[in-house]
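Chain by chain, the residues run as shown.
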Amino acid sequence: MKIIACYNIKGGIGKTATAVNLAYLAAQEGARTLVWDLDPQGAASFYFRIKPKVKKGGKGLLEGKKTLDDVIKGTDFPHLDLVPADFSYRHLDLQLDDFKKSDARLHKLLKPLKAEYDTVFLDSPPSISLISENILKASNTIIVPTIPTTLSLRTLDQILSFCEKTGIAQSKILAFFSMVDMRKKLHKQIIENPPQNVRILKTCIPYASDVELMGVHRQPVSVFAKNSKASLAYQKLWQEIRNL
Amino acid sequence: MNVLQDSSFTFKQETDDDSVFELLCRKYLQHKVIDAQLERQYLDSFDWRLYRNNLVCGFDRLNSSTHKQHNTQKGIFFVVDKKTGASICEFPVNRIPRFSDDITQQTCRKLLNELLGIRALITVASSAVKRRQLNILNQENKTILILRTESYTLTEQTDKHHYFSRLTVSPVKGYRKTFKQVRQYLIDQLKLPIAGKAMFDEILAASNKIPGPGVFTACQTLNDTHNTGEAVRILLHQFLEVMQANEPGLRDAIDTEFLHDYRVAVRRTRTLLGQIKHIFPAKQLDYFKREFLWLGQITGPTRDLDIYLLKFDDYRQELPKGMQNHLAPFQEFLERHWQIEHTLLRRKLDSKRYQKLIDKLHHILEDKDSSAQYTRLKRIAPQDTVNATKPARIVAGKILWKLYKQVLKEGKAITPQSPDEDLHELRKSCKKFRYLIEFFQDYYPSKSIKMLLKLLKALQDNLGDFQDLCIQTTQLNHFAEQMQQEGLANTQTLMAMGVLVEKLNVRKMSTRAEFEHRFNAFTQPDSKEPFSDLFKPQHQPKGITI
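These protein sequence lines are chains A and B, in that order.
For the first sequence, the numbering used here assigns the number 189 to the initial residue and increments by one for each residue that follows.
For the second sequence, the numbering used here assigns the number 1151 to the initial residue and increments by one for each residue that follows.
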């Protein structure tokens, strides 16, 4: 079971869109795929038309009152399931703190699903906290959507140093440029001269209205606009990640 | 984990499927209907490995007349649980995968690899499927249950028109309540009968397809009433069946196992004819022995090349990384020669000589009036057929004991200085011995036979590996020369092949060194005892010539 986290400290940079679209593409290829919507805002759950509600909440999961398998919901797509968000996830940091080995708790929860899923996407909340540390430690690959701006690159550096401090291998990190607008000089410059201290994927996801329309259609972009620029970019991105 | 499984229902009448579907549409107003017409091919190996593991594998192509994908081979490859119908994997493919290695999806490849090995997927049945899918939605327009009526029409030619219909209710994970409600409604209100038989079984039954083992198994067991002549005919009949079952597959080169199994049946026939003597008149026996030797010879070159091609990846792995690609011309050479040899083989199988052999074999096996035949045979040459009327159990026991002693004698004579040929001779004797044990295993307790075969196998594995390595090292050198003559070899390839021969030589030496240990284990008192217990005659049977 491969665990892929979509992570960034910043919000609104396309983490959820990435998790949802890549998960859809993985499932389409036949991989048994699970998305865990860990963001209490519940955007991934919204995209899949699933109520952001988990019985007994995050605490119930952490305490073992409910297993992850108990709360999984099937999406509208074959072999693609979701662990919905829950508003209580906003307290996960505090709740995790009560456990021994609090940075590996998430991994422990996912372990029993090993035989059931080939790929798990963790849609993480925008933060740098104990829950982030859990997500990053549980993952084999950490995808970091990054807008090609100065502040976003600064955040990328912060993520790298956070990983260093917490003992997370930087080799797991794969950054890619998201919400790219090549008409903008700065975007163009940064893409042409990307940072050298982290692996940057070749594929860029364009700033496209089709990605925003996911909220209207409540579907992955490849479902309602299969041949759109955004859909093709996500397909290319998935191929790049999968083949690494 | 409490997992809900698909439920399948049949319809009481052939026309019910549409009306039931309409009824469901009216009951569950929030829904989405998806119609599709598919051409479905069911896939399995020749020996039904997936079926025997309770799996149904297939390929669905959207009917070109109803879909834009005209003239395309694209479709959905799927594997489902035969009993429950639950989907195990499902993904689009550009063409039907032939081998499990052609599957890109990892989990599916691993699953099928374990079951299929090197066997190819072939179409075992096909049908046209008219599918009407009703997705029951919740207030968010999210699918919470899938109901599917599928009607199947066989597309293969059968005696009569077959039409089946099923309603399948597939739960969506996390929406248990809806599943239970709808299932109850179908049972209580619509009184639909739950399907007892898997759809695939119905389709196979209608297409007159019986999933068989496809491998050597005795369809008729030997018993004490059988004389040796009858037992030999039963066995020869089984081998002939195996040969004929595998012949189309080896002609079409579906996978390498067809030729392998065919050759095993030929070898078994040769062993039987060679070891159980005085059953057939000498002239007849000579003819069959000569012709089966010929069959072994004409099928040999293609099989040898099959083996090199199957081992090719291992050969590559033997080499340092930088050298691995240098072997590519060798692969090309093997493939080219395989094509030539396979064409020659097909021609020989089309020959009058081959047809005559098969006809003659059929003729002697179908002559059921054995007593009259033996009288006739006795008139011709009584000494030739002296064992035919003797009890099979007695004759087999005597021959097995003789073969066992021969194996021991040959093995004991082998020293570290003995030529490789001595090990090859021992290997042949072991093989004959094992075949004979298998032929006549019905006369012995199965537990004892399993133990004997296990002991023998440990020795045979060593001898087999050694012989393979001897042949490979010699043959690779020969191939290298041939490639030079054909202008296919460059220096890099020849060097890579040289390194490979060196590596195989090292393995050959260590395999040879292992022989002594294996043979000693085979001749330990603990190992010898079960052979003596089973085969050593209590008294010398009279009138049997071996």
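Be a bit skeptical, because a hint or two may be false.
Reference excerpt, derived from the structure (chain B facing chain A, CB under 10 Å, subset only) [unchecked claim]:
(1) Glu-1240
(2) Thr-1254
(3) Gln-1256
(4) Arg-1281
(5) Asn-1285
(6) Leu-1372
(7) Asp-1374
(8) His-1376
No farther apart than 27 Å at their CA atoms in a straight line, the calculated lysine-lysine pairs in the DSS-like style are these [as the list claims (entries may be wrong)]:
(9) A:Lys-243 x B:Lys-1224
(10) B:Lys-1581 x A:Lys-241
(11) B:Lys-1224 x A:Lys-424
(12) A:Lys-241 x B:Lys-1323
(13) A:Lys-239 x B:Lys-1330
(14) A:Lys-247 x A:Lys-424
(15) A:Lys-299 x B:Lys-1323
(16) B:Lys-1260 x A:Lys-253
(17) A:Lys-239 x B:Lys-1323
(18) B:Lys-1686 x B:Lys-1581
(19) B:Lys-1182 x A:Lys-239
(20) A:Lys-360 x B:Lys-1260
(21) B:Lys-1323 x A:Lys-302
(22) A:Lys-241 x B:Lys-1292
(23) B:Lys-1581 x A:Lys-239
Hint data in this document are derived by calculation from the structure and do not stem from the laboratory.
For glycine and all other residues, C-beta sits at the position ideal for the given N, C-alpha and C.
Okay, the hints, checked on the actual structure:
1. Glu-1240: It holds, given that the least Cβ distance between Glu-1240 of chain B and chain A is near 6 Å, below 10 Å.
2. Thr-1254: holds, 7 Å
3. Gln-1256: Interface hint status for Gln-1256 of chain B: holds (7 Å vs cutoff 10 Å).
4. Arg-1281: Cβ of Arg-1281 of chain B sits 14 Å from chain A, so the hint is violated.
5. Asn-1285: holds, 8 Å
6. Leu-1372: violated, 45 Å
7. Asp-1374: Since the shortest Cβ distance to chain A is 50 Å, the answer is violated.
8. His-1376: Violated, about 50 Å.
9. A:Lys-243 x B:Lys-1224: violated, 42 Å
10. B:Lys-1581 x A:Lys-241: violated, 67 Å
11. B:Lys-1224 x A:Lys-424: This hinted pair holds, its Cα atoms lying about 20 Å apart.
12. A:Lys-241 x B:Lys-1323: This hinted pair holds, its Cα atoms lying about 15 Å apart.
13. A:Lys-239 x B:Lys-1330: Judged against 27 Å, a Cα distance of about 21 Å means the pair holds.
14. A:Lys-247 x A:Lys-424: Judged against 27 Å, a Cα distance of about 38 Å means the pair is violated.
15. A:Lys-299 x B:Lys-1323: holds, 19 Å
16. B:Lys-1260 x A:Lys-253: Outside the cut-off at roughly 34 Å; violated.
17. A:Lys-239 x B:Lys-1323: holds, 14 Å
18. B:Lys-1686 x B:Lys-1581: It holds: about 19 Å lies between the C-alpha atoms, which stays within 27 Å.
19. B:Lys-1182 x A:Lys-239: Holds: Lys-1182 of chain B and Lys-239 of chain A sit about 20 Å apart, inside 27 Å.
20. A:Lys-360 x B:Lys-1260: holds, 25 Å
21. B:Lys-1323 x A:Lys-302: Cα-Cα ~17 Å, so holds.
22. A:Lys-241 x B:Lys-1292: holds, 15 Å
23. B:Lys-1581 x A:Lys-239: violated, 67 Å
Checked against the numbered hints above, the structure violates hints 4, 6, 7, 8, 9, 10, 14, 16 and 23; every other hint is satisfied.
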